[in-house]
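**Student:** What follows is the residue order along each chain.
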Amino acid sequence: MAMFMQQQTDDSSFKKNMLFRGQQDQSSALPSVGFVPAKSPTTHTQYPYVTGSSVLGIKYKDGVLIAADCGGSYGSTLRYKSVERLKAVGKSTVIGASGEISDFQQIMRYLDELTLKDKMWDDGNTLGPKEVHNYLCRVMYNHRNKFDPLWNTLILGGVKNGVKYLGMVSMIGVHFEENHVASGFGNHLARPIFRDEWKEDLSLEEGILLLEKCFRVLLYRDRSAVNKLQVANITAEGITISKPYALRTEWEYKAFQNPTQGVEGSW
Amino acid sequence: MLLEGSNRRIHSVHRHAGMAMAGLAADGRQIVSQARGEANSYLSNYGEEIPIKELCDRVASYVHLCTLYWWLRPFGSAALLGGYDRDGPQLYMIEPSGVAYRYFGAAVGKGRQAAKTEIEKLNLSEMTCREGVIEVAKILYSVHDEAKDKAFELEMSWICDESNREHQRVPADLLEDAKAVAKAALEEDMDAD
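Quick note, the sequences are listed as chains A and B, same order. For reference, each letter of the first sequence is one residue, going 1011 to 1277 in my numbering. For reference, each letter of the second sequence is one residue, going 89 to 281 in my numbering.
No wet-lab data here; the hints were simulated from the structure. Here the structure is a predicted model, which is why all the values come from computation and not from measurement. Among the clues, some could well be false.
Below, computed lysine-lysine pairings styled on BS3-like, alpha-carbon distance capped at 30 angstroms [as the list claims (entries may be wrong)]:
hint: 1; chain 1: B; residue 1: Lys238; chain 2: B; residue 2: Lys141
hint: 2; chain 1: A; residue 1: Lys1264; chain 2: A; residue 2: Lys1140
hint: 3; chain 1: B; residue 1: Lys267; chain 2: A; residue 2: Lys1129
hint: 4; chain 1: A; residue 1: Lys1238; chain 2: A; residue 2: Lys1091
hint: 5; chain 1: A; residue 1: Lys1127; chain 2: B; residue 2: Lys271
hint: 6; chain 1: A; residue 1: Lys1101; chain 2: A; residue 2: Lys1049
hint: 7; chain 1: B; residue 1: Lys209; chain 2: A; residue 2: Lys1129
hint: 8; chain 1: B; residue 1: Lys238; chain 2: B; residue 2: Lys204
hint: 9; chain 1: A; residue 1: Lys1264; chain 2: A; residue 2: Lys1071
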């Protein structure tokens, strides 16, 4: 119905940049005749501001485990230490995000809308991890095609109808499904460990030990890792996301004690 | 011949609100669709779920709008809007004229007079939702005229603390119990006559 359109907030830069016939551009001394061209092309954010570091995910015997730390870095500053980067989507999926946190919040809004619409159909069907993964692939890829990427790498894990699912989507839309995934630095530091030590039918304790081992390596070697992690466990029964906890780290090595001993001219 | 559960008259408007409609089914669906749009846009704008009074006002304005212009026809259905927000649970009824009031008990459609009388007999301020389910089933069965009306399928939904303040179908076992009690009460009445 044409009469009753909802107010759309039109935030396109098109209107801000273009001036039409007769309009006066206050900031410049241009005459108010004719078509004044746009001052600069429309651009979108090209770089992230507050970023989350790695997310790790593995399949184990009863389901899927995903781990992420609670850090939000502002460039090289470890600015926010309580960012929850693991969120449940519906009853059978957990999404973990690394990269720009505000884009992750936007993705959560998309997913909230999606799950709400799905719920309101009330037809006995729910969105499982595979469906959510596919939806996110489309969203990420389409954003990238418009040169307006959502600067995230997303790890999706879940169990539906007894089938375990673990996959990844990157900010350019690259996606795949695997037994063990990682994002960011985890790809370089954790995945080699997964390749050596992951096996089918890990128990819950073994899975968590493996994740903690990789996380410890990240703590030691990745500057944007924070010693406060959460682990999400998705099984056929449901989702549990643990409270944040810290890992023990070892700093009592002899080489670290009195590091300037014997160095000439040290103070 | 109709498949059970295919003729839905109760729809969720948002997590915290639901709507039941009586009258022209297609018109009712349009009202629900409009309500969903309003609820979504409010959430988008304000980051909070729409208060039920606000939702009712918006939907009522829309229904009223369709009575103002010669090239639109009024909606041929009334809607009962129930929801749970910060001010607690609320029930509103939106009529085709665009008028909307808040109620503690309301009925629309055929047999509404008799149903309203029955509702007035209930002690609503003390009744829990679970008890309410059974009472409502009893009323619906008693108002249904065996001779004149066609067979019907009972559909019920609720929003209460038990459902986590979310609009959802009444659990199947509870609904079956309610139906059984209602049918038994009806037979008692018939025997008494």
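**Student:** Does each hint hold? Answer for all of them.
**Tutor:** Now for the hints, and whether the structure bears them out:
1. B/Lys238 <-> B/Lys141: violated (35 angstroms)
2. A/Lys1264 <-> A/Lys1140: violated (49 angstroms)
3. B/Lys267 <-> A/Lys1129: This hinted pair holds, its Cα atoms lying about 26 angstroms apart.
4. A/Lys1238 <-> A/Lys1091: Distance ~8 angstroms between A/Lys1238 and A/Lys1091 Cα, so the pair holds.
5. A/Lys1127 <-> B/Lys271: Given that 30 angstroms is the threshold and the Cα spacing comes to 35 angstroms, the pair is violated.
6. A/Lys1101 <-> A/Lys1049: violated (49 angstroms)
7. B/Lys209 <-> A/Lys1129: Answer violated: B/Lys209 to A/Lys1129 is near 35 angstroms, above 30 angstroms.
8. B/Lys238 <-> B/Lys204: holds (21 angstroms)
9. A/Lys1264 <-> A/Lys1071: violated (40 angstroms)
Violation of the numbered hints given earlier is confined to hints 1, 2, 5, 6, 7, 9; the remaining hints are satisfied by the structure.
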